[in-house]
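Asker: Sequence:
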Amino acid sequence: MVKMCNRFGCNLALTGALLLTVPAAHAVSKIVISGNIKAAPCEIDGANGTVSVNLGDDISAATLATSGAFSPWIEFPLTLKNCPSTTTSVVATFSGTPAEESASLYKSNGGSRRVQIELQNSQGANLGNGKSMTQLVDRATNNARFDLRARAYSTHGGSTPGSIDGALQVTFVYQ
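In mature numbering (1 follows the signal peptide of the UniProt record, and there is no 0), the protein residues as written are -27 to -1, 1 to 148.
No lab work stands behind these hints, which were simulated from the structure alone.
None of these values were measured; they are calculated from a predicted model.
Each hint should be verified, as a subset may be incorrect.
[As the list claims (entries may be wrong)] Per label pair, the in silico range of CB-to-CB distance: (1) Asp138 to Thr59: 32 to 42 Å; (2) Gly83 to Asn115: 15 to 25 Å; (3) Ser95 to Pro57: 48 to 58 Å; (4) Gly97 to Val146: 21 to 31 Å; (5) Ala98 to Asn55: 23 to 33 Å; (6) Ser2 to Ser95: 54 to 64 Å; (7) Pro71 to Phe49: 39 to 49 Å; (8) Gln142 to His(-2): 47 to 57 Å; (9) Gly8 to Ala98: 18 to 28 Å; (10) Ala35 to Pro57: 30 to 40 Å; (11) Ser2 to Gln148: 19 to 29 Å; (12) Leu109 to Thr144: 16 to 26 Å; (13) Asp111 to Glu48: 12 to 22 Å; (14) Ala98 to Thr70: 33 to 43 Å.
Note that CB positions come from ideal geometry on N, CA and C, so glycine has one too.
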């Protein structure tokens, strides 16, 4: 670099080099962070989330001898407790192995033959495999109570002595 001066001032002259302006290389990126905070689910009021229903220890085979025969209804609640304050309703969807005789009934895996399990809500709506019902959460108690009923049912009659044994799953959606 050579410094040249005259009566008006000094200038710098570059020799052997070319002054280039190169913009700094950079890239723009963004990070998108998302998530969803959900309330904790309600708790099932039952030992280990299980509700046991005994349809009766003394149902006579004669009671279920004819086509369309049934035992008395056994009413029971399925109660969810300690629901978060943001949960206003709960949808319960029932599933299990449907009976071969009717998809609206559940199969019994017990020793009694020609008997099925019928599940309804307390108003008489069938809750066969895949059926749902919605219950509001009581704001005073933070509980949701599903009033249900079940009974032994014989589509074709001729039920044999033995046990009635069935298992259903209930899936809850909190709203």
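Asker: All hints are to be evaluated individually against the structure, with a verdict given for each.
Answerer: Right, here's what the structure says about each hint:
no., hint, verdict
1, Asp138 to Thr59: 32 to 42 Å, "holds, 38 Å"
2, Gly83 to Asn115: 15 to 25 Å, "violated, 37 Å"
3, Ser95 to Pro57: 48 to 58 Å, "violated, 26 Å"
4, Gly97 to Val146: 21 to 31 Å, "holds, 23 Å"
5, Ala98 to Asn55: 23 to 33 Å, "holds, 27 Å"
6, Ser2 to Ser95: 54 to 64 Å, "holds, 58 Å"
7, Pro71 to Phe49: 39 to 49 Å, "violated, 21 Å"
8, Gln142 to His(-2): 47 to 57 Å, "holds, 56 Å"
9, Gly8 to Ala98: 18 to 28 Å, "violated, 38 Å"
10, Ala35 to Pro57: 30 to 40 Å, "violated, 50 Å"
11, Ser2 to Gln148: 19 to 29 Å, "violated, 38 Å"
12, Leu109 to Thr144: 16 to 26 Å, "holds, 18 Å"
13, Asp111 to Glu48: 12 to 22 Å, "holds, 19 Å"
14, Ala98 to Thr70: 33 to 43 Å, "violated, 20 Å"
In this structure, the earlier hints numbered 2, 3, 7, 9, 10, 11 and 14 are contradicted, and the remaining ones agree with it.
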